[in-house]
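Line by line, the protein sequences give chains A and B.
Its first residue numbered 1, the first sequence is counted upward by one per residue in full-length UniProt numbering.
Its first residue numbered 1, the second sequence is counted upward by one per residue in full-length UniProt numbering.
No wet-lab data here; the hints were simulated from the structure.
A virtual CB, placed ideally from N, CA and C, is assigned to each residue, including glycine.
Warning: the hint list may mix true and false statements.
To give a feel for the contact side, a few chain A residues facing chain B, derived at Cβ under 7 Å [to be verified]:
#	residue
1	43
2	103
3	115
4	122
5	138
6	178
7	232
8	235
9	271
10	273
11	276
12	278
13	282
14	285
Here are the computed distance ranges between Cβ atoms for each label pair [stated by the list, open to error]:
#	chain 1	residue 1	chain 2	residue 2	range
15	B	241	A	91	58 to 68 Å
16	B	188	A	79	30 to 40 Å
17	A	129	B	104	30 to 40 Å
18	B	240	A	258	21 to 31 Å
19	A	194	B	112	55 to 65 Å
20	A	91	B	51	33 to 43 Å
21	B	196	A	213	53 to 63 Å
22	B	28	A	161	31 to 41 Å
23	B	240	A	99	49 to 59 Å
24	A	156	B	86	16 to 26 Å
25	A	52	B	28	28 to 38 Å
26	B	54	A	74	49 to 59 Å
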Amino acid sequence: MTMTMAPGTTAGQSAPAPQANKPSRAKRSPLASLGLHATLIVASLIALTPIVWVVLSSFKPEQWVQSSELSLVKEPTLGNYEYVLFETNFGTWMLNSVIIAVVTMVIGILMSATTGYALSRFNFPGRRKLMMVFLVTQMFPVAILIVPIYQIMATLGLINTHASLVIAYLTIAVPFCSWMLKGYFDSIPTSLDEAASIDGCGPFQTFWRVIMPLARPGIAVTAFYTFLTAWGEVAYASAFIQTDDRFTLAYGMQQFVPQFNAQWEYLTAAAVLVTVPAGLVFLYAQRHLVSGLTAGGTKG
Amino acid sequence: MSTDTATPARTSPPPRETRRPGRLRRSWDKHWYAWVMVAPVVIVLGVLIFYPLGRGIVLSFTNLTEANQLAEICSKSITGTEQCKANPNAWEFVGLDNYTNILSGKIGKFWQWLGVTLLWTVGCVVFHYAIGLGLAVLLNRPMRGRGVYRVLLILPWAVPAFVSAFAWRFMFNENFGLINSVLESVGIERVAWFADWRTSLLTAIITNIWLGVPFMMVTLLGGMQTIPGEQYEAAEIDGATPWQRFVNITLPGLRPVSMTVLLLGTIWTFNMFPIIFLVNGGGPAGQTEILVTGAFRAAFEGIRNYSLASTYGVLILSILLVFSVFYRRALRKQGEVW
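Start from the sequences, fold in the hints, and give me the full structure.
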């Protein structure tokens, strides 16, 4: 209820006065201030609730997880975590996910870095076409690539291997990284390139010695984002991997919640274990993430 | 661009070249380093994306399934030698049969899935954008606790999508989910969310809205910060109301960013696999399947029908291509150079 009403009231009273001038805060009436904070608090609560609820549930024993009675924590226990960590293949799945995500990330970045630079700096024939291709690859539904890639992997005998997933994820990672990195390279002034070239650096030296070190934050963010994409991918992982010891987290966790007799208490514990590292990495990276994404998009 | 300034002059072709270099040759001399730099990605795109894409398109004109994919059937005889003979039911080209079967509704439920996909896409993107814009407007002003709000509101983005999907499926559980418990405690009867296709789709849409708002919010916030403050000052001096300032300065200033994120958001949502797959599994009885999950099930559940799945893939891609062409044309008409 509150969620639907609040934005309307605040928008009416004090719509945007972005970073215009400092006195904004002083000018705002107490009522508008109240509305503003109330809206943001409600929105933050909505953003937090599912996360908090899963964390709370992960500490509950089974009978309280599967109880309709509303309770924060009852008889808190670490049993769910113990079970997930020691009684299932969770550790192996996590290791699988880490390996696959890291390898995808490293290969993706290494390949796309020079491309992003070339797209950002040189106006070569085919540049616009390549940019278009990157955009179009965003449209590829998983449905159209998954079957042919599956068959190619089957021909090569790679089904049920990590390599097949890395290769499949590269189809997502490579265009994405190139696009993102172009955005970051755009934000590094070209005068640096000019200076380097006056000093006698060739284009490759300029790229490697001058631009790469400066683009490190952008590269880090792109890398993290690629990592997270591979970390959370479901479709390819569900289709390509067949044995329990090679599952990734995204697929392995489905084992906890089959159609009937779902073991939610284990799922919630696993969810927390999966989210903590991913979340930390993400929160570190997000500050730089969006500038790169939109820069790539709007300066096309 | 900075082509000429940023790179050392490499204008003169190698001296051993005697005859006048052709156009391609001159182009190569001028741009070779750029092409070398993009070569790895172009090769990867070709091998990993366009070759499979081509194969997928070809597949869509065949009747290849798991059952008939072998050209030869081999069996071991008693003496231990392997005997192979041609598979009488081997796959073959069937022309447009897959397309006519799908589009006429003979196989699968293309039109139903398309309808659900459209509902799903429009529902998600509209709320993503509206809520994201609203929150961005609220956050884009000096106030106490801004940084805290920003981090809290971004949190849903930090959770891997499959984890969020599980979390919401857990919360929508009919018997012990948080949402039904809350409803009950305020005197509303519990809802069997996954029993009806409307509420079932609603759960998936709510999950995806929760998941996608932070991206829109942060992107639009970034866009707002590029709008020069003087414009707002001038408008304020002219006596523009906050609403007028929003409509006449903020919205036009956000146009380039908005157009990009709306296009990307639409494409991503249209192809969003994990949410439907994991939150409600397309249930009840496949009534909330979207095109992507429907195609996945055709390909990997039951007798794997690879050719049919590829046909769905081609159809989805065509829809998105047509959409983006019209989208760009509409933008061009309004004088947007994008």
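Hint check results:
| no. | hint | result |
| --- | --- | --- |
| 1 | 43 | holds, 6 Å |
| 2 | 103 | violated, 14 Å |
| 3 | 115 | holds, 4 Å |
| 4 | 122 | holds, 4 Å |
| 5 | 138 | holds, 5 Å |
| 6 | 178 | holds, 6 Å |
| 7 | 232 | holds, 4 Å |
| 8 | 235 | holds, 5 Å |
| 9 | 271 | holds, 5 Å |
| 10 | 273 | violated, 10 Å |
| 11 | 276 | violated, 10 Å |
| 12 | 278 | holds, 5 Å |
| 13 | 282 | holds, 4 Å |
| 14 | 285 | violated, 10 Å |
| 15 | B:241 - A:91: 58 to 68 Å | holds, 60 Å |
| 16 | B:188 - A:79: 30 to 40 Å | holds, 33 Å |
| 17 | A:129 - B:104: 30 to 40 Å | holds, 37 Å |
| 18 | B:240 - A:258: 21 to 31 Å | violated, 59 Å |
| 19 | A:194 - B:112: 55 to 65 Å | holds, 59 Å |
| 20 | A:91 - B:51: 33 to 43 Å | holds, 37 Å |
| 21 | B:196 - A:213: 53 to 63 Å | holds, 57 Å |
| 22 | B:28 - A:161: 31 to 41 Å | holds, 39 Å |
| 23 | B:240 - A:99: 49 to 59 Å | holds, 57 Å |
| 24 | A:156 - B:86: 16 to 26 Å | holds, 24 Å |
| 25 | A:52 - B:28: 28 to 38 Å | violated, 60 Å |
| 26 | B:54 - A:74: 49 to 59 Å | holds, 58 Å |
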